[in-house]
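Visitor: What follows is the residue order along each chain.
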Amino acid sequence: MLRAIFYKEWLKLRLFWGLAVVVHIALIGYLLLSLRSTLLSSGVVETWATMIGRDVLMINQLAYLPLITGVCLALCQWLPEMQAKRIRLTLHLPIDNQLSIGAMLGCSFIGLCLLFGLDAVLLAGFGQVWLPRELVWRTFLTCLPWYLGGLIGYNIVSWWVLEPQWKIRCVNMLIGAPLVALCFLTTQPACYIQMFPWLIGLLLCTACLPLYSIYRFKLGKQ
Amino acid sequence: MRTKQSKIATIQYLIIGLGIIVCVWLLPALYRLVAPNTSRTPFVVYSCLDSSFIQFETINKQVQYTDFKGNTFTKHEADSLLPLFAFRQLVAEGRLPDSLFGVALTPKRIQQNTFHFKTSPKQLNKPAVGLYTLLESASGRVDLQLPPDVFRLTDKGIEFIDCETNTVNKAKSLSFSRELEKYGFVFPVQLIWGNASTRKDYDNGFLLTDSQNRLFQLKMVKGTPWVRVIKTDGCTITGYKQLFTIEPANRLLVGLVVSDDNQLYAVRADGSMTHIGIDSYDPQTMQITIIGDMFHWTITEYTATDSRYYAVDARTFEQVARAIIPDPAPSIKERIMRYVLPVRLRFTSWDTQLIAPNFE
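If you read the sequences in order, they're chains A and B. Start counting the first sequence at 383; every next residue gets the next number (this note's numbering). Start counting the second sequence at -3; every next residue gets the next number (this note's numbering).
Misleading hints may appear alongside valid ones.
Unchecked claim - Calculated pairs, DSS-like style, for lysine-lysine (alpha carbon to alpha carbon, straight line, at most 25 Å):
1) B/K218 - B/K237
2) B/K237 - B/K114
3) B/K227 - B/K237
4) B/K3 - A/K600
5) B/K196 - B/K114
6) B/K118 - B/K104
7) A/K603 - B/K3
8) A/K603 - B/K0
9) B/K237 - A/K549
10) B/K118 - B/K218
11) A/K467 - B/K57
12) A/K600 - A/K549
13) B/K196 - B/K218
14) B/K104 - B/K196
15) B/K329 - A/K600
16) B/K178 - B/K227
17) A/K394 - A/K467
18) B/K237 - B/K152
To be verified - Footprint (simulated), chain B over chain A, 3 or more residues, beta carbon under 8 Å:
19) 444 to 455
20) 459 to 472
21) 515 to 526
22) 556 to 570
23) 591 to 597
The set of hints was computed from the structure by calculation and includes no laboratory data. Quick reminder that beta carbons are idealized off the backbone N, C-alpha and C, glycines included.
Put together the whole structure using the sequences plus the hints.
Guide: This is how it looks when you write it as structure tokens:
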């Protein structure tokens, strides 16, 4: 049964995933080419000095891409299910509802992690050709809250879309939007180092919120 | 069924908890945005003529010049009381004294002995990159230039990385590490500070401490290492908390260091150290500003509860004057917020660039 659910999710989201991979590779490629161009035009010494002395990492364009990806994924995954209440078909399958919805959420979560992992591999792989390991690690620490923001954003928007009542949706957004904003309080490099345990805790907490919306949906809240 | 109900109840409590976190974080932030704190700290300089602190305070868009005794001065009088601070204005008006305390005054001499230093906890409390730029301090050129490499610290030495090839320059790394060891330096480096800017007249290199808590100065002179052990004779220092390398125009000082008991010391160009006569300075919690001239340094410290002003002799660094002004009582707006919102959560802070949850 779970394999059927995964197949259905693949059929529904394959276009999204294809587009997301292309956009992510394109933006990472642009950032790497932009770094290479700066190294060639301004000089390696000067570029390194700027990155070390002025806390500049030249990756700020990447900041909101993981969030946009997470939000778009949640919309693409759950809006079709909520149209004409098609999700009732899934909920009537001879399988525990939490397991079926959890599987749908889980495969998207894993997909996002793989996509974000691809970004990290590309950035680190090409970055270490031109930059010392300290700057590559600093870049990773700077990007990590943005990627956690993407995962948290996916959970929050899933919670929002699956909620059957509009007034509760509004409350959900009032709580959820600031929680996502927590991942974007500064662009200063590596300044989230003390926040990672809290953000991972927040990610785990928000992961179970869509299940609550499903519970309310099953109760027949309109 | 009961398990499922308890799970749902847990999620409901979780949502309420997240809602409370958002409220205790955003409502105070919103209140501060609507009712911002408009109080300003005055700018203070020590007057060697009046032997008192003169403060410049902007009230109703007008700058007022007063001292801590309550005397008020006109701008003209304040300039006269601060001849070394306002020397450009006095020169323009033809009022600069020929000499002061028996020392002839010329604009060039005043400028050469003027020294500014400012740092705050926010500048210091941030993640270090772990890469440092050691400038050539005797290139034979007037302008300083960036070197072709940077260095990192390892457990056994320092490692220079060539920027063009992104590879370790083993010969240079070995040369600098061995030179430091020749002077008794025991790796790994504990603290290090250098000013990699090329927008300065000369370079004093780096101040660094070894694993035995001894202080050294490292420079690069014509591509080769230059090391000096800083003498701490007469200073009771058991460890260091913070180092600063400085490059004043008169070239009399190399740096400022803070001991682990929060005492501030000046490192002189001859490699000796002198205690600076202020009560204490904790770089992690206090903002410091130093305005130095030929005769005195005005040292201002801003703490969480007060502003501390010291005047010290520019040669001996002995304390000449001192004033501690407590911060004004919380405004009505602040008191209202503390009453209405007794628990407040912040993720950013005035004293650090690090993002972390802090309850007030």
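Visitor: Would you mind marking each hint as holding or not holding in the structure?
Guide: Hints versus structure:
1. A C-alpha spacing of about 31 Å is found between B/K218 and B/K237, which places the hinted pair above 25 Å, so the restraint is violated.
2. Among the hinted pairs, B/K237 with B/K114 is consistent with the structure: their alpha-carbon atoms are about 17 Å apart, no more than 25 Å.
3. The straight-line distance between the Cα atoms of B/K227 and B/K237 is roughly 17 Å, inside the 25 Å bound, and the hint therefore holds.
4. Restraint check for B/K3 and A/K600: satisfied, since their Cα atoms lie roughly 15 Å apart, inside the 25 Å limit.
5. For the proposed pair B/K196 and B/K114, the alpha carbon gap of about 16 Å is at most 25 Å, so the pair holds.
6. For a cut-off of 25 Å, the pair hint linking B/K118 to B/K104 is broken: about 34 Å separates their Cα positions.
7. Of the pairs offered as hints, the one joining A/K603 and B/K3 holds, with about 19 Å between alpha carbons and a cut-off of 25 Å not exceeded.
8. Among the hinted pairs, A/K603 with B/K0 is consistent with the structure: their alpha-carbon atoms are about 18 Å apart, no more than 25 Å.
9. This hinted pair does not check out: B/K237 and A/K549 have alpha carbons roughly 54 Å apart, beyond 25 Å.
10. Between B/K118 and B/K218 the CA atoms are separated by roughly 35 Å; this puts the pair beyond 25 Å, and the hint is violated.
11. The hinted pair formed by A/K467 and B/K57 fails the criterion: a straight-line CA distance of about 63 Å is larger than 25 Å.
12. A hinted pair counts as satisfied when its Cα atoms are at most 25 Å apart, and A/K600 with A/K549 qualifies at roughly 17 Å.
13. The hinted pair formed by B/K196 and B/K218 meets the criterion: a straight-line CA distance of about 18 Å does not exceed 25 Å.
14. For the suggested pair B/K104 and B/K196, the alpha carbons sit about 17 Å apart, so the restraint of at most 25 Å is met.
15. Annotation: proposed proximity of B/K329 to A/K600 is violated, straight-line Cα distance about 48 Å (limit 25 Å).
16. Restraint check for B/K178 and B/K227: the C-alpha separation of about 16 Å stays at or below 25 Å, so the hint holds.
17. Using a Cα cut-off of 25 Å, the hinted pair A/K394 and A/K467 holds, with the two alpha carbons roughly 16 Å apart.
18. Among the hinted pairs, B/K237 with B/K152 is consistent with the structure: their alpha-carbon atoms are about 22 Å apart, no more than 25 Å.
19. Here's how the stretch 444 to 455 of chain A fares: 0 of its residues keep a CB closer than 8 Å to some CB of chain B, so the rule of at least three is not met and the hint is violated.
20. Counting residues of the stretch 459 to 472 of chain A whose C-beta sits closer than 8 Å to any C-beta of chain B gives 0, which falls short of three, so the coverage hint is violated.
21. Taking a C-beta to C-beta cut-off of 8 Å, the stretch 515 to 526 of chain A contributes 4 residues in contact with chain B, enough for the three needed, and the coverage statement holds.
22. Proximity of the stretch 556 to 570 of chain A to chain B, defined as three or more residues with a beta carbon under 8 Å from a beta carbon of that chain, is established by the 8 residues found.
23. Evaluation of the coverage hint for the stretch 591 to 597 of chain A: fulfilled, as 4 residues show C-beta separations to chain B shorter than 8 Å, against a requirement of three.
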